[in-house]
Amino acid sequence: MRIAIVDESASRAAVIGEGLAALDDCELFVVTERRALVARIAEIDPDIVLMDLGNPSRDVLEEYFAVSRALARPIAMFVDESDDEAIAASIDAGVSSYVVDGLAAHRIRPILDLAVKRFNAFARLQADLAEAKGQLAEREAIDKAKRILMDSRGFSEPQAYAELRRTAMNQGRRIAEIAEAVVTAHQLMGGK
Amino acid sequence: MSSELTVGFLPLVDACLPILAREHGFAEAEGLSLRLVKDMSWATVLDRLLYGHSDAAHMVAPLAIATTLGRGRPAQPLSVPFVLGLNGNAVTMRPDLARRLTTPGHLADPVAAGAALRVVAQERREAGNPLRFGVVHRHSSHNYMLRYWLAGCGIRPDHDVEITTVAPPFCADALEAGEVDAICVGEPWNSVAVERGAGEIVLMTAQIWRRGVEKVLAMKERLLLERREDVEALVRALVRAARHFVDPEHWDENAAILARSEYLDGDPVLIRRAISDRLLLARGGEIVPFPDFMFQYREAANFPWVSQAEWLYTQMVRWEHGTIDSEEARKAARVFRPDVYRSALIGSTEPLPGASSKVEGSLAGTTVVGTQQGRMTLESNQFFDGGVFDPADLAGYLARLP
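Line by line, the protein sequences give chains H and S.
Take the first sequence: its letters are residues 1 to 192, numbered as in this note's numbering.
Take the second sequence: its letters are residues 1 to 402, numbered as in this note's numbering.
Check the hints yourself; a few may be wrong.
[Claimed, not checked] Straight-line distance between alpha carbons at most 30 Å, and here's what the computed DSSO-like set of lysine-lysine pairs gives:
{"hint": "1", "chain 1": "S", "residue 1": "Lys-220", "chain 2": "S", "residue 2": "Lys-331"}
{"hint": "2", "chain 1": "S", "residue 1": "Lys-331", "chain 2": "S", "residue 2": "Lys-38"}
{"hint": "3", "chain 1": "H", "residue 1": "Lys-133", "chain 2": "H", "residue 2": "Lys-144"}
{"hint": "4", "chain 1": "S", "residue 1": "Lys-38", "chain 2": "H", "residue 2": "Lys-133"}
{"hint": "5", "chain 1": "S", "residue 1": "Lys-220", "chain 2": "H", "residue 2": "Lys-117"}
{"hint": "6", "chain 1": "S", "residue 1": "Lys-331", "chain 2": "H", "residue 2": "Lys-117"}
It is worth saying that the hints were derived from the structure and are not from the lab.
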């Protein structure tokens, strides 16, 4: 079975591809380039096309599937009514799938299920990464704010931190927010 | 307690009304908490609507009809209680082509430019390199309007010229790279192409059909049944947004809102041009005003005329090279719901047309018509070729088209 993964995010395509590589007798093709997308798909002549929902080229690809005579076998969105639940799950995960006509549902399902799992896994990875980045930025802001307080008010480091924490508690806000406010105020007052 | 409604949209200037209904508190005043979901393709906007991620969507009008009739996917009946606007699109061409049709910085005359284009199309076809046009979706008003114009000028779409789908954000790229010679797209994408020098605006779709239906508010018919009150509240909020949108006093403010990253993520200067019906047609030229470029409110523009849905159906059949099917025609007509629009706005000061259908393209000048609250003045609604669409005879209309 020939599976094309169309995703402008190369890292996500890699995560999906890695998951599908475990399947038997499947050949994977990853397309990350927008240019000449349709020609590339024609060349691959896939049985299944997986594409992320955020891809602006979805309408282009659907148009191609709908009207093109270049493909020997017509491709449709995976819309077998009995598999409505599977489609809902893939939409939830953020992946759309197009399947060549006549491919048996029992051959498609495992691939779709796996694709959905990988998409979800990637989304979790990204959320974790965003969180880690956010935490790093917060820690940096807190360090900067402490230094500002130490310089301007002669605090020791524990005193500076205690001051930030006390203000945060009094205002019902997070320490990082107070730290950011201190840094911003300091910049406005001409500090660097 | 406010009801939550989620509305899907594409980052285009004509997604303005749901965005402004939320931003200016018009939805909230109607007891609605409006959540907006941005996507990058109509396919995804439609998927979210069909699989319940959104309750309603900003949608190209023909797609609502195509979905109801089961084109491309199993049929799912959609309903349109509100038209988000008329026109607002343009035909932008690569500068070398544009200059064969018009003087840079001037809008072309649709008939004269069509005749000139016919010559170019012939040359290019004979050279084995036919002209290529990009539209945003096969079930879009862009596609139907462009084809109407081409065919009316003796240029056979799919035969003399090619028409393909190009995603709006890639339109300027596609022109620049020579993947297409012209695009028919909404704003801000024509202006983006002009700014980059990739294209020049030759024609506005309002020149093809002065009152052409463009984006609609679409939802599943079942949702309309189940949440009729919320839908009517949304219609009222959207009308207020429309009134706000066309008021010059708010243009700067609204352009700034639409430009924000969560909405169009674009340039407020370009967005303001579209809002104010004043576009730069060619780089280095003068701004050209064209009244009615976008038409979001006046003349009950938001009223879903059944005849508009029927016209769109005739064009769908036309380019599928099919025949009118009376059962399909009935389903297509049923998508537009003037009854919901009326019941939402009854008792307001908004003009409510007495009829639900009209002969399209029949008004050459200003005409006064009756409404449920007095009278309303309508201006020209002509097609560029003087064609008249009488919804009483779809097959006859189709037979007369070139």
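Legend entry - Pair hint Lys-133 of chain H and Lys-144 of chain H, alpha-carbon separation not exceeding 30 Å: Holds, at roughly 17 Å.
Inset, instruction - Sort out whether Lys-133 of chain H lies within 30 Å of Lys-38 of chain S, counting only the CA atoms. - result: 24 Å, holds
Inset, instruction - Quickly compare the C-alpha distance for Lys-220 of chain S and Lys-117 of chain H to 30 Å and report which way the hint goes. - result: 29 Å, holds
Inset, instruction - Could you grab the alpha-carbon distance between Lys-331 of chain S and Lys-117 of chain H and see if it respects the 30 Å cut-off? - result: Violated, because 39 Å separates the two Cα atoms, which is more than 30 Å.
Legend entry - Hint consistency between Lys-331 of chain S and Lys-38 of chain S [alpha-carbon to alpha-carbon, up to 30 Å]: Within the cut-off at roughly 29 Å; holds.
Legend entry - Agreement of Lys-220 of chain S and Lys-331 of chain S with the hint, judged by alpha carbon distance not exceeding 30 Å: Holds, at about 14 Å.
Hint 6 alone, counting from the list given before, is not met by this structure.
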